[in-house]
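J.: Here the protein sequences come in this chain order: A and B.
Per the numbering used here, the first sequence starts with residue 1, numbered consecutively.
Per the numbering used here, the second sequence starts with residue 1001, numbered consecutively.
Incorrect hints may have been included.
What the hints assert, rightly or not - Each pair of labels, with its calculated beta carbon distance range:
(1) B:LYS1042 to A:SER18: 24 to 32 Å
(2) B:ALA1078 to A:SER54: 40 to 48 Å
(3) A:THR114 to B:PRO1119: 28 to 36 Å
(4) B:GLU1017 to A:SER73: 42 to 50 Å
(5) B:GLY1016 to A:THR31: 22 to 30 Å
(6) A:THR114 to B:ASP1039: 16 to 24 Å
(7) B:PRO1119 to A:LYS14: 39 to 47 Å
(8) A:TRP10 to B:THR1005: 46 to 54 Å
(9) A:ILE12 to B:ILE1095: 33 to 41 Å
These aren't lab readings, by the way, just hints derived from the structure by calculation.
In this text, all values refer to a predicted model and were calculated from it rather than measured experimentally.
No residue lacks a Cβ here, since even glycine has one placed at the ideal position from N, Cα and C.
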Amino acid sequence: GAVVSQHPSWVICKSGTSVKIECRSLDFQATTMFWYRQFPKQSLMLMATSNEGSKATYEQGVEKDKFLINHASLTLSTLTVTSAHPEDSSFYICSARSGPVNSPLHFGNGTRLTVT
Amino acid sequence: KQEVTQIPAALSVPEGENLVLNCSFTDSAIYNLQWFRQDPGKGLTSLLLIQSSQREQTSGRLNASLDKSSGRSTLYIAASQPGDSATYLCAVSTITPSDYGGSQGNLIFGKGTKLSVKP
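Excised from the complex, chain B in its bound form (with noise of 0.2 Å):
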């Protein structure tokens, strides 16, 4: 059964620092990797996606990269701002259907990380 599991859980930052989130995950049949950024009682805004056959990702100050064969993905954002503020989530793209019958390629999320940065 893929687990995703995201470090740190929560995570503060004064503005202008460089940071890097956490991910991991079990079963490295994936399609792909997803990472998405959740505010307080908001949807998910998709932030970068990797391919299983790709390395990374970049888009403007974030940069992810992803490691399949050891289960691994990090997201670096450089030079952090307040309106970075938010959950992290990573979620990966399942190859494997569910024991229930679940459609191979629904998203299996990590419980995010909270980003605070402080102005």
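Here chain A stands alone, though its shape is the one from the complex (with noise of 0.2 Å):
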């Protein structure tokens, strides 16, 4: 149980486009989702968190307009790189919690964004 879906797992865009990656608890509800960011041989760092239904909240140093959140419902949140530029080429991963605020957090396979 507690499976979450990462999608795509890999993306190449141009520079000046925008790519969207989705996450999906597939058999169970989460309020909350955490996005994070893996630079190369560096550790994950997160960058917002996602509630279902109302605005995302963004950790120091992440721009909001830039990387755009959606958690439209229980089972779906979206990151979309807007204007995508070399500099955000990055390992993106998702979580999601299945229960309360101590339970363990699920991770997605993560996305590969590479921007040319």
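From the two separate chains plus the hints, produce the assembled complex.
T.: Right under this line is the structure:
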């Protein structure tokens, strides 16, 4: 149980275009999802917290107008990288919680974004 | 601000050895601590989760301990195998929301220990 599906697993796009990444909880409802970013040889850094039915909260240094998050239902959150640039190339990974706040987070398999 | 440190950054051992990976964190106000495995270019595989009220968890050849008061956790791997080669990440679930409104219970990660087990 507690499967998180992330799509696509990889994407290559041209500079200036926008890319949407989907994160779905397949067998549970998630009121809160988290989006992380991982640069090569670095650890995962929290970008934002996605709350169903309300605005996402962003961490320091993360531009909310560039990384648009929509959590329209209890099973789907999307991250849109707008006007992507090569420096946005990274590994993006989402997670969701299936229970109370002290329950484990379940992670998607991540999306490798390459901006050319 | 919660910070998670993992030592060593990299470790190479011959097959069959027992080994210990270390993790420390600065704020003891945590819900739990999780150990993950990450293979190159892949997502995360959860290995063990220790709630803040627990001292250790075991799964097969893996044993994780938690000393919340001192801000330390160890992951013990017995009889290592080449298939154990991966990066191991430690992460703590925060009770205190981040200064920028991040929800309680998000994970703060260490930079990982890259393990290589030689046949």
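J.: Next, verify each hint and record whether it holds.
T.: Hints, one by one, checked against the model:
1. B:LYS1042 to A:SER18: 24 to 32 Å: For SER18 (chain A) against LYS1042 (chain B), whose Cβ atoms are near 26 Å apart, the range 24 to 32 Å holds.
2. B:ALA1078 to A:SER54: 40 to 48 Å: Given about 46 Å between the Cβ atoms, the range holds.
3. A:THR114 to B:PRO1119: 28 to 36 Å: Given about 33 Å between the Cβ atoms, the range holds.
4. B:GLU1017 to A:SER73: 42 to 50 Å: Between GLU1017 (chain B) and SER73 (chain A), where Cβ atoms are some 48 Å apart, the hint holds.
5. B:GLY1016 to A:THR31: 22 to 30 Å: violated (46 Å)
6. A:THR114 to B:ASP1039: 16 to 24 Å: holds (19 Å)
7. B:PRO1119 to A:LYS14: 39 to 47 Å: holds (43 Å)
8. A:TRP10 to B:THR1005: 46 to 54 Å: violated (31 Å)
9. A:ILE12 to B:ILE1095: 33 to 41 Å: This hint holds: roughly 40 Å between Cβ atoms.
In this structure, the hints that do not hold are numbers 5, 8, in rising order.
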